[in-house]
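J.: Make a model of the complete structure from these sequences and hints.
Listed below are the residues making up each chain.
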Amino acid sequence: EAQVTQNPRYLITVTGKKLTVTCSQNMNHEYMSWYRQDPGLGLRQIYYSMNVEVTDKGDVPEGYKVSRKEKRNFPLILESPSPNQTSLYFCASSSPGGGRSNEQYFGPGTRLTVT
Amino acid sequence: LAKTTQPISMDSYEGQEVNITCSHNNIATNDYITWYQQFPSQGPRFIIQGYKTKVTNEVASLFIPADRKSSTLSLPRVSLSDTAVYYCLVGFYNQGGKLIFGQGTELSVKP
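Residue numbers (this note's numbering), protein chains in the order written: chain A, 67 to 181; chain B, 68 to 178.
Calculated directly from the structure, the hints in this document are not laboratory data. Just so you know, not all the hints are guaranteed correct.
[As the list claims (entries may be wrong)] In silico lysine to any residue, SDA-like type, Cα no more than 25 Å apart, as pairs:
#1 Lys136/B <-> Gln170/B
#2 Lys137/A <-> Asn150/A
#3 Lys165/B <-> Val80/A
#4 Lys165/B <-> Leu107/A
#5 Lys136/B <-> Lys177/B
#6 Lys165/B <-> Pro141/A
#7 Lys135/A <-> Lys121/B
#8 Lys70/B <-> Tyr171/A
#9 Lys177/B <-> Glu125/B
#10 Lys131/A <-> Gly163/B
#11 Lys84/A <-> Val120/A
#12 Lys121/B <-> Pro141/A
#13 Lys165/B <-> Val126/A
T.: Structure representation (structure tokens):
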């Protein structure tokens with residue numbers, strides 16, 4: 067089954083304790099992206115990757131890191147989480163084909179709470 | 068970057084047709100227009116995508132006028148299960164992969 071998986075689905079942590087949220091897709095997609103969603107603010111892009119070893123900042127990259135060493139995986143790293151990073155996080159992937167398609171497949175989400 | 072504007076919320080009744088319009092005045096020549104549906108605490112789900120004129124699939128239609136500065140998502144005969152937030156998204160590779168979702172339209176379908 068074609069899917070995007072995220073782990074963990076729920077996480078409660080404390081300020082400053084480094085954490086990684088994993089994202090994996092089995093569709094051989096070139097493009098992967100991370101979003102955060104907060105009440106009243108919609109979906110905001112954190113980082114994206116056009117292909118292996120190619121990453122770039124989205125709209126809200128501060129406090130986050132990513133890496134793309136393999137095509138299927140795109141982990142999101144919070145080196146020193148703070149309470150303002152409490153949010154619902156989504157990973158997505160797509161295969162832009164001719165360079166125009168915006169059809170993204172989203173993961174189930176990771177609800178992160180930083181105390 | 069193309070910015071989109073949608074109504075914040077809309078109400079409808081079961082069985083009615085719902086039209087949600089998205090404004091994207093500075094859409095680029097090569098940009099496609101994509102619509103997503105999102106239920107609470109779930110990831111967005113792709114509904115439909117188009118470039119110009121009209122596109123129809125099994126769940127919706129997308130109308131795009133000649134100037135492409137707006138688009139309208141049409142949901143025929145909505146049911147309670149269509150209650151969700153609908154997002155319009157414009158652009159992709161023109162922006163190097165950076166994507167900006169608008170605020171979305173919260174559709175409430177009543178019995």
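J.: Tell me if the straight-line CA distance from Lys136/B to Gln170/B falls inside 25 Å.
T.: holds, 18 Å
J.: Next pair to validate is Lys135/A with Lys121/B; report whether the Cα-Cα distance is within 25 Å.
T.: With a Cα-Cα distance of about 40 Å, the restraint between Lys135/A and Lys121/B is violated, given a limit of 25 Å.
J.: Below or equal to 25 Å on CA atoms is what counts here, so check Lys136/B against Lys177/B.
T.: It is violated: about 31 Å lies between the C-alpha atoms, which goes past 25 Å.
J.: Hinted pair, alpha-carbon criterion (25 Å max): Lys70/B, Tyr171/A. Please report holds or violated.
T.: Cα-Cα ~22 Å, so holds.
J.: Lys137/A and Asn150/A: Cα distance at most 25 Å?
T.: violated, 30 Å
J.: Hint check: Lys165/B vs Val80/A, CA-CA at most 25 Å. Holds or violated?
T.: violated, 31 Å
J.: Between Lys121/B and Pro141/A, does the CA-CA distance stay at or below 25 Å?
T.: Roughly 38 Å between the alpha carbons, so the hint for Lys121/B and Pro141/A is violated.
J.: Is Lys177/B within 25 Å of Glu125/B, Cα to Cα?
T.: Satisfied, since the Cα-Cα distance of roughly 22 Å is no more than 25 Å.
J.: Verify the proposed pairing of Lys84/A with Val120/A, using a straight-line Cα cut of 25 Å.
T.: Roughly 23 Å separates the two Cα atoms, so the pair holds.
J.: For the pair we were handed, Lys165/B and Val126/A, check the Cα-Cα distance against 25 Å.
T.: holds, 11 Å
J.: When you check the alpha-carbon spacing of Lys131/A and Gly163/B, does it fall within 25 Å?
T.: holds, 19 Å
J.: Do the alpha carbons of Lys165/B and Pro141/A lie within 25 Å of each other, as the hint requires?
T.: OK: Lys165/B and Pro141/A at ~18 Å, within 25 Å.
The structure does not agree with the numbered hints 2, 3, 5, 7, 12 stated previously, though it agrees with the rest.
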